[in-house]
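All chains, please: the whole structure from these sequences, using the hints.
What follows is each chain in one-letter form.
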Amino acid sequence: MIKIKVRKPDMVENIKLHLDALLTGVKEAVKPGTITIEYPRERRWLPDSFRGYILFTPENCISCFQCSFVCPANAILMKKSENNRYYPSIDYAKCIFCHFCVDSCPGSALRQTKIHDVVYIDLDEMFCPTENMINPPEIVREDEYTVEYLMDLDIILKRVKERDDLIPEVKPVEIIKEYSSCYEPDSCLACGICVSSCPNEAISITSLDGEKRLKIDADRCTGCGICVKECPVQILKLVKG
Amino acid sequence: MEAVYELLKAVSKEHFMENMVSIPLIQPVIDNLLNIPLVGYVVALILWKPMFALLIFPGLLTLMTVLLFIIWFERKLTARIQWRRGPLEILRWAGGIIQALADGLRYFFQEVIVHRDAHKPYFIQLPILIFIPVLLPLLFIPAGSIVGIKTPYALPVVVAIVSLIPVFIVAIGWASNSRFAYVGTIREAFMYFAYEIPFILSVVAMILVYGTADMTAIVEKQTIPGIILNPVAALVFFISTIMATSRLPFEIPEADQEIAFGPFVEYSGIMFGLVMTIAYEKMYILALLMSVLFLGGGNGFPIPLLGDLAPVIWMFLKTMAVMVALAFLRSIYARFRLDQALRLSWTTMLKISAVAVLIGAALNIAQVA
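If you're matching them up, the sequences are chains A and B in order.
When the letters of the first sequence are read in order and numbered with this note's numbering, they come out as residues 3 to 243.
When the letters of the second sequence are read in order and numbered with this note's numbering, they come out as residues 100 to 468.
The hints are simulated quantities; they were obtained by calculation from the structure and are not laboratory data.
Certain hints may be false.
With a cut-off of at most 25 Å between alpha-carbon atoms, the simulated SDA-like pairs for lysine to any residue come out as follows [unchecked claim]:
hint	chain 1	residue 1	chain 2	residue 2
1	A	33	B	195
2	A	29	B	435
3	A	179	A	101
4	A	18	B	454
5	A	10	B	334
6	A	82	A	137
Here are some chain B residues the structure puts well away from chain A; computed CB gaps all over 12 Å [stated by the list, open to error]:
hint	residue
7	128
8	136
9	204
10	216
11	331
12	372
13	434
14	458
Just so it is clear, the structure is predicted and the values come from calculations on it, not from any experiment.
Backbone N, C-alpha and C fix where the C-beta goes; we use that ideal spot for every residue, glycine too.
What follows is the structure, given as structure tokens:
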């Protein structure tokens, strides 16, 4: 056993240490520092890339299923909507807010917000269908100040009397137009899987001289790549238009 | 017949009016009220000095106010020093000052659980019985000429009654019959022996300094405050007050982080509310005693307009200063271990208190006070 020898301060030093503690206490009692934010009257300033509640714009969605594939928590369910397209819906009971779906979205149909304080009544309500993702949830804003932590040598709280916009503007991304094409038509089995998988009915099989041929309508194709994934002989690929 | 006449005389309005608190500022109002038949009797009763001591100061009303204030103040001050906010949301514009009242209400509507292993009669009785030793000393503490029971043995009586409180706490821990309560009770018993001797020795030193145990006489004799006459006794008294009321750094019997309020761990609801305030009430009594013994009690500039109320105000301010100092310690000290605290009190404190008694004896011979 190793016994650690603790240096015992002598009496004068001891009294000095006690006085030092008392003085520090008095100093903090008179002019205290603070690291507390009085939520909900104040909100912490958050960067625009904050991973919060996810919003959805159906016009930008090409039903590529990319968000659903990438989701590590398996929280995104693609549901068929009335216009025969597949749109994502998020189960917030599973979501880990990694925002892989937002990053992987080719048309920026999913976008991030700074909303992080949504309340649900029960677990069933945490499943957020597509129509609820289009508009931000109702927020009661009680905050008047926005507080920012300035991590210098000491922690300083900078209070500004303004409201932080919780839904940041997202820069429009340049959408690269792609469409599916068959590069080895001779190997095609004409099994029709691509036809049934296409959400936009862009692929059709035509019979020409008794030989079945694949016909892809480039105007209707959104470049979602589902047929590329589904093709059993792997002869489809996305090309830039 | 003679006895009945004496009794009637003792409860008559005239008897109360002989010994009334005089407040020149509102004297006309009081005079008018005294002329109204029933109201006059009640006003005379309340302003009768012993009843005033019981109901207003240092009794019920002040005690309640101080309890509500000091619990809030302690939390707020500690939070401020530790860079937090403290109680805030209840009555927000006043900084959450009625937090203790709200907590009390919550305790009131909570279920009181008496667990299976507890000794049921004692478990329920003792938190209520403990108020006898906790509140009785208030009758003997004078504020100027206002005193409940005037006796030359006031100081020994108060010290004796205050010394009874830990016995009740040990009994509470025994009746609770659980592990944490057992540990807390043992600690309470150890601390009781450790602080009681220096505490009594410092009081004895002050009795020697003034040559009397009558608190009114002690206050009158303090042209120089006792803290200047015998600072060593004041230090010992202060430290043993911290130990007696189990404040940090000697919060050993309660130690909420490790044994969850020690002897009081099994209590819930209003019973917990009662036992939780015991330490604060004891703190109030010992602060009153400290202001009488060392800070000159009700002495101060006389305020002619307030009359008998002026000593009350001075004494209240001094008591609050002592209580604030006690509450302040919570935010800067960590807790001592039991053996460290025992070593401190059985060696250093005992030595210092012996020195205090010697100083007291020397001052007694020199007839300073």
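Hints, one by one, checked against the model:
At roughly 20 Å between alpha-carbon atoms, residue 33 (chain A) and residue 195 (chain B) fall within 25 Å of each other, so this suggested pair holds. For the proposed pair residue 29 (chain A) and residue 435 (chain B), the alpha carbon gap of about 24 Å is at most 25 Å, so the pair holds. For the hint linking residue 179 (chain A) to residue 101 (chain A), the alpha-carbon distance of about 24 Å falls within 25 Å, and the restraint holds. This hinted pair checks out: residue 18 (chain A) and residue 454 (chain B) have alpha carbons roughly 22 Å apart, not beyond 25 Å.
For the hint linking residue 10 (chain A) to residue 334 (chain B), the alpha-carbon distance of about 23 Å falls within 25 Å, and the restraint holds. Between residue 82 (chain A) and residue 137 (chain A), the direct Cα distance comes to roughly 19 Å. Compliance with the 25 Å bound is thereby established for this hinted pair. At roughly 40 Å, the least C-beta separation between residue 128 (chain B) and chain A is larger than 12 Å, which holds for a residue marked as non-interface. With a minimum CB-CB distance of about 52 Å to chain A, residue 136 (chain B) clears the 12 Å threshold, and the non-interface call stands.
A cut-off of 12 Å between C-beta atoms confirms that residue 204 (chain B) is not in contact with chain A; the least separation is 25 Å. The Cβ of residue 216 (chain B) lies farther than 12 Å from every Cβ of chain A, with a closest approach of about 39 Å, so its non-interface assignment holds. Distance check on residue 331 (chain B): its Cβ is at least 14 Å (rounded) from any Cβ of chain A, clearing the 12 Å threshold; non-interface status holds. Distance check on residue 372 (chain B): its Cβ is at least 28 Å (rounded) from any Cβ of chain A, clearing the 12 Å threshold; non-interface status holds.
Remark: the non-interface label on residue 434 (chain B) is consistent with the geometry, its nearest Cβ contact in chain A lying 14 Å away (cut-off 12 Å). Interface exclusion of residue 458 (chain B) from chain A stands, the closest Cβ pair being 19 Å apart, more than 12 Å.
The structure meets every hint from the earlier list without exception.
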